[in-house]
Amino acid sequence: MKAMILAAGFGTRLRPITETTPKPLIEINGKPVIVHSLDALKKAGIKDVVINLHHLGDTLREQLGDGSRFGLTIQYSPEPEIKGTGGALLQAREFLNEPFYLINGDILFDLDLTVLPLLLRYKGADAVMVLYRANNDQADIANIYADRQGYVRSLFTPYPDCSPYIFTGIQFLKPGVISYIPEQIRQPSTTMHMYPGMLHDGKLIAGYIHNGLWIDIGNPKSLERAKGLFQ
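Start counting the sequence shown at 2; every next residue gets the next number (this note's numbering).
Where hints are given, some of them may not hold.
Taking lysine-lysine pairs in the BS3-like style, the calculated list, with each CA pair at most 30 Å apart, reads [to be verified]:
#1 K44 x K228
#2 K204 x K48
#3 K44 x K175
No lab work stands behind these hints: they were computed from the structure.
The model shown is predicted, which means the values in this text are computed figures rather than measured ones.
With the hints as constraints, model all of the structure from the sequences given.
What follows is the structure, encoded as structure tokens:
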């Protein structure tokens with residue numbers, strides 16, 4: 002198994018911080034956000050990680066190096082023009098030649114990642130999306146619909162007898178799902194293109210409901226909350 006961390010974004014909602022510091026390198030309790038994810042991957046037994054780069058990519062590369070100090074081997078997938086989440090997978094597909102974790106570079110979580118490959122096999126699925134129950138302040142972003150059997154049935158559109166959840170940006174995927182990303186689109190998306198294509202073809206997507214810690218630090222309010230929780 003391998004892993005990819007998505008770290009190419011501009012972090013526009015966190016300006017001016019992200020004008021000089023890429024969002025994944027923002028420190029929480031003295032540790033960059035992306036290092037929290039690298040540590041989780043290491044604990045899950047992952048050794049090989051690829052990270053896509055665009056905004057302040059050289060800074061990320063300089064800070065993380067070859068990954069040896071984290072007990073990992075890190076490769077980089079630079080994007081001269083930002084490619085979107087799906088385009089990032091297309092560019093790195095030669096590396097992603099076995100089941101892999103895909104994690105957003107701006108999240109904090111306490112999930113034991115080893116549960117995801119087990120769930121993939123148990124559910125007979127091609128992908129696992131880690132989901133989160135929304136509170137009242139987050140209801141507008143709870144737009145992934147999963148049924149009582151634990152399968153994702155729809156993205157963005159309500160589906161009968163399904164409950165809405167937030168997508169955490171943590172996934173476990175079989176490499177074949179990359180074929181559902183349209184290459185003719187300039188910035189294809191996993192959620193807008195790959196997953197809907199899979200559902201259309203009857204591919205199974207398992208939803209894992211995480212009840213522990215999860216924070217997306219992508220806006221000032223959530224960043225301050227993260228700093229408070231990790232003090």
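These are the hints, each one checked on the structure:
1. K44 x K228: Holds. K44 to K228 sits at ~23 Å (cutoff 30 Å).
2. K204 x K48: holds, 28 Å
3. K44 x K175: Holds, at about 20 Å.
When held up to the earlier numbered hints, the structure conflicts with none and fits them all.
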